[in-house]
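Same order as they appear, the protein sequences are chains D and F. Heads up: the first sequence begins at 1 in the numbering used here, then just goes up one per residue. Heads up: the second sequence begins at 1 in the numbering used here, then just goes up one per residue.
Note that these hints are calculated values from the structure, not bench results. Treat each hint with caution, since some may be false.
Derived list of chain D stretches under chain F, where covered just means 3 residues or more per stretch with a C-beta under 8 Å from a C-beta of chain F [said to hold, decoys possible]:
(1) 43-49
(2) 54-60
(3) 64-78
(4) 96-103
(5) 195-203
Covered by chain D, according to a simulated footprint, are these stretches of chain F (three or more residues, beta-carbon under 8 Å) [unchecked claim]:
(6) 127-140
(7) 236-244
Pulled from the structure, derived: some chain D residues nowhere near chain F, Cβ distances all over 12 Å [unchecked claim]:
(8) 13
(9) 40
(10) 147
(11) 209
(12) 236
Where a beta carbon is used, it is the ideal one built from N, C-alpha and C, also for glycine.
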Amino acid sequence: MTKPAILVRGLTKRFKATLAVDHVDFAVAAGTTAALLGGNGAGKTTTLSMLLGLLLPDAGSVEILGEDMLRHRHRVLARMNFSSPYLDLPHRLSVRQNLEIYGRLYGLKDRARRIAALARDLQIADFLAEPTGNLSAGQKTRVALAKALLNDPEVLLLDEPTASLDPDTGDWVRGYLERWRTRTGATILLASHNMGEVERLCSEVMMLRRGKIVDRGSPQQLIDRYGRANLEEVFLDIARGRRESEFVEPR
Amino acid sequence: MTEDAEGGWLGGIAHDTGGGFSPGRVAAMLLRYLYLLRSSWPRVLELIYWPTIQMILWGFMSQFLRTNSSWVASAFGVLLAAVLLWDVMFRGQLGVSMSFLEEMWARNLGHLFVSPLRPYEWVLSLLAMSLIRVIIGVVPAMLLAIPLYHYSIFGLGLPLIAFFVNLLVMGWALGLIITALILRHGMGAETIAWLAIFILAPVSAVYYPVAILPGWLQYVSAALPSAHVFEGMRALMFAHVFRLDHFAAAVALNLLYIALGAVAFLWSFRSARRRGALLHVGE
Chain D
1 MTKPAILVRG
11 LTKRFKATLA
21 VDHVDFAVAA
31 GTTAALLGGN
41 GAGKTTTLSM
51 LLGLLLPDAG
61 SVEILGEDML
71 RHRHRVLARM
81 NFSSPYLDLP
91 HRLSVRQNLE
101 IYGRLYGLKD
111 RARRIAALAR
121 DLQIADFLAE
131 PTGNLSAGQK
141 TRVALAKALL
151 NDPEVLLLDE
161 PTASLDPDTG
171 DWVRGYLERW
181 RTRTGATILL
191 ASHNMGEVER
201 LCSEVMMLRR
211 GKIVDRGSPQ
221 QLIDRYGRAN
231 LEEVFLDIAR
241 GRRESEFVEP
251 R
Chain F
1 MTEDAEGGWL
11 GGIAHDTGGG
21 FSPGRVAAML
31 LRYLYLLRSS
41 WPRVLELIYW
51 PTIQMILWGF
61 MSQFLRTNSS
71 WVASAFGVLL
81 AAVLLWDVMF
91 RGQLGVSMSF
101 LEEMWARNLG
111 HLFVSPLRPY
121 EWVLSLLAMS
131 LIRVIIGVVP
141 AMLLAIPLYH
151 YSIFGLGLPL
161 IAFFVNLLVM
171 GWALGLIITA
181 LILRHGMGAE
191 TIAWLAIFIL
201 APVSAVYYPV
211 AILPGWLQYV
221 SAALPSAHVF
231 EGMRALMFAH
241 VFRLDHFAAA
251 VALNLLYIAL
261 GAVAFLWSFR
271 SARRRGALLH
281 VGE
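One chain only, chain D, in its complex shape (with noise of 0.2 Å):
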């Protein structure tokens, strides 16, 4: 494994009597895509908001290219970035106006030519000048990944990115990542529980139940592992604390 773009030890988080992240330790390997799978409640937002240093933790560390998170987030806020259907960018200001001021936030040099360039590969142009408020979800979708690549970050956390999506418009999303990536080189750990998205995109996937990492590997690793026909199945084993060693005869 080359050096960790993302290294996780012992992070935990307790919300009163839930302990919504239970000592998780992962690292994600640099200019590669790594998923936190799980179902509702699993940990997987939590986790990325401790990663973001949106959350405080209760223990454990967080280092992002070489950083450590919960000391010197400042240091590296501007080398990553962040999307998630559950934050809108404010719905009366333009889609332009949205972008120029993360631009501005983020410090970039050359924020219209930047703006017109991820106006091109997202699609978005024809919108530029609407209220965001206005948008589709599938509009609203790309102005957020805009928004997230503003600074082309060298680490992206993605909360369900195709959480609301129709089938072509999550593909179109899912290409589109694939693509930014591998001409970029960053690093994505993404949070979804949508196997084939995970399937498609990510080397690495972390099962995560009650807090708990309780598998990891690639996908085809796991499926391998469990005995089943795709990681759909993974999932409802996991999600149902069905163990891998209740299979006799993986295949």
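We have chain D already, so just place chain F on it with the hints.
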């Protein structure tokens, strides 16, 4: 920088490291609030509307009292100046609270704080926007009072700057404390942004001397920069003296309250990070 086959950039985008304080990020947030204000003429109208209506009401009241009250007659503009200056504090507080609430309503905090924006840079942008909102709201009312009532608050001279700045800073301190409460307790505390300042109005002695208040309330007034400003304003208008003691008290108290406001805000922000509230606040 190089262009890839699709016309996008392959990398090497010049950006800052996010290291220290960045005036550019403060300007970016200020631009965000100005875009928002520009996008909605009712918001601009609302900023101007209340100070102007207040000024008109108290202007007529002053005209009436000029012939019925020797106190008002000896300094005609005392009520008008009071209402205009009170609006500086009210709009100053509301300017901080409303810009903050815009981010809550927009569910934008998560995006903002995965960017290199620092909390104190955001606070500075909130304060700067508050100043802009006060100028948009109060200055037209101040100017309109000249042709309507032949009264110019600018006649107070340089002390007007001292009064204005002290009331604005007290508004900022209140705004920061209110935003801290909203960050800590969620949108359920939103109404505090509208109501909090009115608790202070009676003890700020905006329209009457502090001496009118019961003895124990006068001690409360003494702890408020606003009460010192309005006492100072009346001293200037009636006795034509600038009371340095009131000015010094207002400045000292404001320094204390703005520091308390900043600490409360930063503490609540850290608490929000501990609870995960930055991702989940919203309507």
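These are the hints, each one checked on the structure:
1. Counting residues of the region 43-49 of chain D whose CB lies closer than 8 Å to any CB of chain F gives 3, so the stated coverage by that chain holds, three being the minimum.
2. Beta-carbon proximity to chain F at under 8 Å applies to 3 residues in the region 54-60 of chain D; the threshold of 3 is reached and the given coverage holds.
3. Residues of the region 64-78 of chain D with a Cβ under 8 Å from some Cβ of chain F number 5, which satisfies the need for three, so the listed coverage holds.
4. Three residues within the 8 Å Cβ limit are the bar, and the region 96-103 of chain D against chain F gives 4, so the coverage statement holds.
5. Counting residues of the region 195-203 of chain D whose beta carbon lies closer than 8 Å to any beta carbon of chain F gives 0, which falls below the threshold of three, so the coverage claim is violated.
6. For the region 127-140 of chain F, the stated coverage by chain D is violated: 0 residues have a C-beta nearer than 8 Å to a C-beta of that chain, whereas at least 3 were required.
7. With 0 residues having a beta carbon nearer than 8 Å to a beta carbon of chain D, the region 236-244 of chain F misses the requirement of three or more and the stated coverage is violated.
8. Remark: the non-interface label on residue 13/D conflicts with the geometry, its nearest Cβ contact in chain F lying 8 Å away (cut-off 12 Å).
9. In this structure residue 40/D is separated from chain F by more than 12 Å, as the shortest Cβ-Cβ distance comes to about 15 Å.
10. With a closest Cβ-Cβ approach of about 7 Å to chain F, residue 147/D is found to fall inside the 12 Å limit, against its non-interface label.
11. Under the 12 Å C-beta cut-off, the non-interface status given to residue 209/D relative to chain F holds; the minimum distance is some 20 Å.
12. Separation of residue 236/D from chain F is adequate, the least Cβ-Cβ distance of about 28 Å exceeding the 12 Å criterion.
Against the hints set out earlier in the document, violations occur for numbers 5, 6, 7, 8, 10.
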